[in-house]
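J.: Sequence:
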Amino acid sequence: MSLLANWGRIGRLPRTAKLLLATNGLSAFGAGMVLPFLWIYLTRIRHFDAWVPAAALAVQAGAAIVGGLVWGALLDRLPYRRAVPYANIVAGVGTLVYGFASSPWIALVAATVWGFGINGVGTAVRAAYAACTEPDQRTTVYSADYGLLNLGMGAGVVVGGALAAADFATPATRYALLYGIDALTYLVMAAATWGALPGGIRTRQQKDGARASRPNYLSVLRRPGIAVVLVLLAMNAMVTFGQFRAGLPGYLQSHSISPGGLSTVFALNIIMCAVVQFVGMPLLERVPARTLLLAAGACATGCWALVYLSALRHGVQALLVACGAVVLLSVAESLAGPLLSTQLNEAATDEDRGRANALFSTTVSASGVIGPILAGALLPWHGGVLLVVVMVVLSAAFVLPVLRLSPRRDAAGDGVAAGGGAGAGQVQQSEPAAGAVAAAS
Numbered sequence: 001m002s003l004l005a006n007w008g009r010i011g012r013l014p015r016t017a018k019l020l021l022a023t024n025g026l027s028a029f030g031a032g033m034v035l036p037f038l039w040i041y042l043t044r045i046r047h048f049d050a051w052v053p054a055a056a057l058a059v060q061a062g063a064a065i066v067g068g069l070v071w072g073a074l075l076d077r078l079p080y081r082r083a084v085p086y087a088n089i090v091a092g093v094g095t096l097v098y099g100f101a102s103s104p105w106i107a108l109v110a111a112t113v114w115g116f117g118i119n120g121v122g123t124a125v126r127a128a129y130a131a132c133t134e135p136d137q138r139t140t141v142y143s144a145d146y147g148l149l150n151l152g153m154g155a156g157v158v159v160g161g162a163l164a165a166a167d168f169a170t171p172a173t174r175y176a177l178l179y180g181i182d183a184l185t186y187l188v189m190a191a192a193t194w195g196a197l198p199g200g201i202r203t204r205q206q207k208d209g210a211r212a213s214r215p216n217y218l219s220v221l222r223r224p225g226i227a228v229v230l231v232l233l234a235m236n237a238m239v240t241f242g243q244f245r246a247g248l249p250g251y252l253q254s255h256s257i258s259p260g261g262l263s264t265v266f267a268l269n270i271i272m273c274a275v276v277q278f279v280g281m282p283l284l285e286r287v288p289a290r291t292l293l294l295a296a297g298a299c300a301t302g303c304w305a306l307v308y309l310s311a312l313r314h315g316v317q318a319l320l321v322a323c324g325a326v327v328l329l330s331v332a333e334s335l336a337g338p339l340l341s342t343q344l345n346e347a348a349t350d351e352d353r354g355r356a357n358a359l360f361s362t363t364v365s366a367s368g369v370i371g372p373i374l375a376g377a378l379l380p381w382h383g384g385v386l387l388v389v390v391m392v393v394l395s396a397a398f399v400l401p402v403l404r405l406s407p408r409r410d411a412a413g414d415g416v417a418a419g420g421g422a423g424a425g426q427v428q429q430s431e432p433a434a435g436a437v438a439a440a441s
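Numbers 1 to 441, taken from UniProt numbering, label the letters of the sequence shown in order.
One or more of the hints may lead you astray.
[Unchecked claim] Simulated restraints, written as ranges between beta carbons of each label pair:
| no. | residue 1 | residue 2 | range |
| --- | --- | --- | --- |
| 1 | 262 | 15 | 36 to 44 Å |
| 2 | 320 | 223 | 43 to 51 Å |
| 3 | 288 | 167 | 36 to 44 Å |
| 4 | 313 | 291 | 30 to 38 Å |
In case anyone wonders, no lab produced these hints; they're calculated from the structure.
In this text, a Cβ means the ideal position worked out from N, Cα and C, and glycines have one as well.
Full structure from sequences and hints, please.
T.: Okay, here's the thing in structure tokens:
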């Protein structure tokens, strides 16, 4: 019954929100087809030196950070029915260029364009969800989005691996096909959302003849609750997915886990992230956000304690303990993602929602860069134990900013019906936003 009730919650979302969910899940499938294979593609298929994929990843990260901030400013000026397609078109062009990267400079151009576009996709979609749903539906839509992204990406990895290993055409042609399919999924989303999404705040203000306000990133950071959400996001990101492809596999493999065991761990993470979203959706709506965020911090702390214990075991026992650690990590990541997205968009207004979500995306991107750097610096010390200690301390310290969330805003994160969604002096939804929701429904 729980799963049926969850699907019922998703079914009651506005049509535009369901369109975004479906198309964003499709683009996640395309991303999964190519995301794990960039290093292999550029070194083994294109025969570039190792510095090329390393530089491409660095350029992607830098372009994503800059792009997120640019797209955030554009979102506060353009209607969503244009901003979401534009971001998808840029990301689609970038990944398509990868398929024809016959020289290093083309690969770096692709990395720049794709990085710039992909953070725009995340920023625009997250803001559009908030614009086309009621406040008490936002936890549901962000949770469903997170689950579908994991399912889509997991399926894409499987299909992409099968196509890459298939015996047809040349390896370069097969990888060009993978990148072409990935580009197609972005273009499908662009076409599907063109004109189908609500307008932005400025579109409505111009139509009404009102003077548009001019928010900036500093004013967004000064808004009550925004800075706390971003701190929580950075802390959670650095101890969860920021280490999932760096510190975690580095520590486990250096002690007791084989490459095959690591594959099991990676697959378990994808499955668990999706399961937590769809099975735990009622908890995200009924339990206070502050309680669940404290649980996320406790799960992250427990994860890294188990990571340390797995190094003291061998064989199957070590793998089982590592799997237990990944289950806790998946829960911590899955709870924090949709809850913090909801908290951010409850604290933002329509006038600055684009910039607020850009800061969210930029924080995720920056944490994804800082995490591996931190792992590289700490793993050589005492067999990686110093990394584990730092992760445990960061995870335990998660409780401090959580307690700074006001009880009223905490209730807003669980739905306006809880009594805190639109109180005076707290998170408020402007009248134009309510009009957009009505139009989207």
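J.: So, for every hint listed, does it hold in this structure?
T.: Evaluation of the provided hints:
1. Checked against the hint of 36 to 44 Å, the C-beta distance between residue 262 and residue 15 comes to roughly 41 Å, which is consistent with it.
2. A beta carbon spacing of about 45 Å between residue 320 and residue 223 agrees with the range 43 to 51 Å that was offered as a hint.
3. Between residue 288 and residue 167 the CB atoms are about 55 Å apart, so this pair departs from the stated range of 36 to 44 Å.
4. Residue 313 and residue 291 have their C-beta atoms about 32 Å apart, which keeps the hinted 30 to 38 Å range intact.
Going through the hint list in order, the structure does not satisfy hint 3, though it satisfies all others.
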